[in-house]
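Dock chain D against the given chain U, drawing on the hints supplied.
Residues per chain, in single letters:
Number of protein chains: 2
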Amino acid sequence: MGIQTPTLVLNQRQAKQNIQRMADKAKQSGVRFRPHFKTHQSAEIGQWFRDVGVESITVSSLDMALYFANHGWQDITVAFPANPLEIDKINELAGCTQLNLLVESEDIVWFLEKNLERNLNVWIKVDTGYGRTGIPWDAERLIAVANAVDQTKQLQLKGLLTHAGHSYGYRTKDQVKALYQDYLFKFKSANQRLVDIGFDQLELSLGDTPSCSIMDDFSDVDEIRPGNFVFYDLMQLNIGSCNEDEIALVVACPVVAKHEERSEVIVYGGAVHLSKDFVIDQQGVKSYGGVSLPQPDGTWGPILSNCFVSSLSQEHGIVRLDKATFETIRLGDLLMIIPAHSCLTVNLLKKYVAPEHQEIHVAKI
Amino acid sequence: MGIQTPTLVLNQRQAKQNIQRMADKAKQSGVRFRPHFKTHQSAEIGQWFRDVGVESITVSSLDMALYFANHGWQDITVAFPANPLEIDKINELAGCTQLNLLVESEDIVWFLEKNLERNLNVWIKVDTGYGRTGIPWDAERLIAVANAVDQTKQLQLKGLLTHAGHSYGYRTKDQVKALYQDYLFKFKSANQRLVDIGFDQLELSLGDTPSCSIMDDFSDVDEIRPGNFVFYDLMQLNIGSCNEDEIALVVACPVVAKHEERSEVIVYGGAVHLSKDFVIDQQGVKSYGGVSLPQPDGTWGPILSNCFVSSLSQEHGIVRLDKATFETIRLGDLLMIIPAHSCLTVNLLKKYVAPEHQEIHVAKI
Numbered sequence: 001m002g003i004q005t006p007t008l009v010l011n012q013r014q015a016k017q018n019i020q021r022m023a024d025k026a027k028q029s030g031v032r033f034r035p036h037f038k039t040h041q042s043a044e045i046g047q048w049f050r051d052v053g054v055e056s057i058t059v060s061s062l063d064m065a066l067y068f069a070n071h072g073w074q075d076i077t078v079a080f081p082a083n084p085l086e087i088d089k090i091n092e093l094a095g096c097t098q099l100n101l102l103v104e105s106e107d108i109v110w111f112l113e114k115n116l117e118r119n120l121n122v123w124i125k126v127d128t129g130y131g132r133t134g135i136p137w138d139a140e141r142l143i144a145v146a147n148a149v150d151q152t153k154q155l156q157l158k159g160l161l162t163h164a165g166h167s168y169g170y171r172t173k174d175q176v177k178a179l180y181q182d183y184l185f186k187f188k189s190a191n192q193r194l195v196d197i198g199f200d201q202l203e204l205s206l207g208d209t210p211s212c213s214i215m216d217d218f219s220d221v222d223e224i225r226p227g228n229f230v231f232y233d234l235m236q237l238n239i240g241s242c243n244e245d246e247i248a249l250v251v252a253c254p255v256v257a258k259h260e261e262r263s264e265v266i267v268y269g270g271a272v273h274l275s276k277d278f279v280i281d282q283q284g285v286k287s288y289g290g291v292s293l294p295q296p297d298g299t300w301g302p303i304l305s306n307c308f309v310s311s312l313s314q315e316h317g318i319v320r321l322d323k324a325t326f327e328t329i330r331l332g333d334l335l336m337i338i339p340a341h342s343c344l345t346v347n348l349l350k351k352y353v354a355p356e357h358q359e360i361h362v363a364k365i
Numbered sequence: 001m002g003i004q005t006p007t008l009v010l011n012q013r014q015a016k017q018n019i020q021r022m023a024d025k026a027k028q029s030g031v032r033f034r035p036h037f038k039t040h041q042s043a044e045i046g047q048w049f050r051d052v053g054v055e056s057i058t059v060s061s062l063d064m065a066l067y068f069a070n071h072g073w074q075d076i077t078v079a080f081p082a083n084p085l086e087i088d089k090i091n092e093l094a095g096c097t098q099l100n101l102l103v104e105s106e107d108i109v110w111f112l113e114k115n116l117e118r119n120l121n122v123w124i125k126v127d128t129g130y131g132r133t134g135i136p137w138d139a140e141r142l143i144a145v146a147n148a149v150d151q152t153k154q155l156q157l158k159g160l161l162t163h164a165g166h167s168y169g170y171r172t173k174d175q176v177k178a179l180y181q182d183y184l185f186k187f188k189s190a191n192q193r194l195v196d197i198g199f200d201q202l203e204l205s206l207g208d209t210p211s212c213s214i215m216d217d218f219s220d221v222d223e224i225r226p227g228n229f230v231f232y233d234l235m236q237l238n239i240g241s242c243n244e245d246e247i248a249l250v251v252a253c254p255v256v257a258k259h260e261e262r263s264e265v266i267v268y269g270g271a272v273h274l275s276k277d278f279v280i281d282q283q284g285v286k287s288y289g290g291v292s293l294p295q296p297d298g299t300w301g302p303i304l305s306n307c308f309v310s311s312l313s314q315e316h317g318i319v320r321l322d323k324a325t326f327e328t329i330r331l332g333d334l335l336m337i338i339p340a341h342s343c344l345t346v347n348l349l350k351k352y353v354a355p356e357h358q359e360i361h362v363a364k365i
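Residue numbers (the numbering used here), protein chains in the order written: chain U, 1 to 365; chain D, 1 to 365.
Do not take every clue at face value.
Dumping the calculated DSBU-like pairs for lysine-lysine here, alpha-carbon to alpha-carbon at most 30 Å [as the list claims (entries may be wrong)]:
# : chain 1 : residue 1 : chain 2 : residue 2
1 : D       : K89       : D       : K351
2 : U       : K323      : D       : K186
3 : U       : K27       : U       : K188
4 : U       : K350      : D       : K350
5 : U       : K351      : D       : K351
6 : U       : K177      : U       : K153
Everything labelled a hint here was simulated from the structure, so no lab data went into it.
Bound conformation, chain U alone (with noise of 0.2 Å):
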């Protein structure tokens, strides 16, 4: 049975392209290379990371966590501020696998301490200048946190780790070139701060998307955790962290309607489908998505320039075509649409399937 609704079309052979180029960098630079899994969130996808020789992964939650631990994954972190609500959680983690968990208060160390039934380790989350959360790379308490740690039983501080999101507001290689080299500065300080008082074992730990892709040396530091490139998407081709071969996913969205006074067509496909996440390109242009057109063999054709997803509701999908596409579209054709960002439309839609119809199954989490 084909398509009837908005359904997520994974090319295969290119995400593990992706995955493959990813590991050989990180062995190149002689660092760990501990993905993110939160933008795939499939165990069967888990398993392509293994077979490059991945044995460490980064997830954004306790839940995913327990996930992931359940398909056999031995060293987990946790890349989201400790929840001291969820101390449980980590208590049955911590008994089943390797956890890592990042600390930012000496509050949060304590709390620590005092509940948890076993050891485990803590990265030190730093602000390399995001300024969403950790604590900021210059900060006196960065040390006082670390000193926190060393005081405890059950903490083992294994490192700093920050996350460079900011480099997502980029748009030019150069640009993320030249923010990769400001915010290793200011992470290698922090850490020299720590080394000056004793602390000489840290690992750093770094992993936005834009900086993995782009950069080719990571000796500087020790780990690499992107996640977002096992796919790619609008907003990274328009940071230029990827080309736009590498993309490994659209949205399959049927046409459902036809304003030819406005030359746009509207798609099933919304914001329970795709996300409200977009990407402002270099014209100004506001975009939920790209647009490309279907394939005899189930993948599909290059982007259309000119062509995007103009607004979306919670079903309607608005796409503005040149008037030379519009003509050859016809109700109840597939546009196939690359997600603006493809970590909150997986999420979304639970469920991958090949271009043969294969289905690949995301974690009900």
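Using the frame of chain U, we list chain D on its own:
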């Protein structure tokens, strides 16, 4: 066990009052109340509508129609353009419920006539100014589509249906009242053109929550289809559709980090919980959610002024607090976040918890 992760907390008493109030309004105007169930997506909450006499419902997909048909609903409008690729589901539904579909082109009328296995009702979708989909109210093809339906054997033309979604862009009750008069005029004009050629038994159906909440007299039409009003949200509060006490749900989010220098906390509660929808308030501030504090009985207090969700990533929410509130918050506390758009938040979280921790599940579709 208490709340550990982002959790939808529902004030059932208030939701039932919202339902009762809208049902009373419809009754006073002598119009059919056909609530949109895409907001709550729950058979159990659907029962609360049955309890006030509702027999007809609206949904936004055929899968949702199947779910509610399986829960005994016998009169269902799918308020989305009929999708040719789902003809098998349409035939299945038409066999087990009184199905109403939307058409807006001759092509879809002929497709249905050719492929339907039994009769069903259709409504012509009319665009009264929103600009998403539907036949523009003054376009010639309105008559062509009505005539096409009239020539079929399988389709019964029941009426005209509009959704004035542009009401979501307004910020005062007076603006919404003026808009209502404007789109009602266009809607009635469209109908008059069909009356003039002999279609004099058509019903009129409208449905946006702002109009249905702010207006009292619907005697110009035959049916109202609001959905969001069952819970309301920050967007509807900003428009003036509801007052604060009428908002019936929040997302309880654990505080996992504090940043005193910027008077911000990080909550476990991101784009995969709240959605990336946002409101821009009258001061021009972009907010992904309002902030209130939990009360001892498990409900929530008033919305705190100068406090809001300023940014979201996949699992992180950044919450701006005033200094006084910031000082009172500790790691592991819950903040009760009023979602910008409750429909998308419910679709993501899939499960409601009443303050007394009773669970209500959402359709797995």
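Here's how the hints hold up against the structure:
no. : hint                : verdict
1   : K89(D) <-> K351(D)  : holds (26 Å)
2   : K323(U) <-> K186(D) : holds (29 Å)
3   : K27(U) <-> K188(U)  : holds (21 Å)
4   : K350(U) <-> K350(D) : holds (13 Å)
5   : K351(U) <-> K351(D) : holds (20 Å)
6   : K177(U) <-> K153(U) : violated (40 Å)
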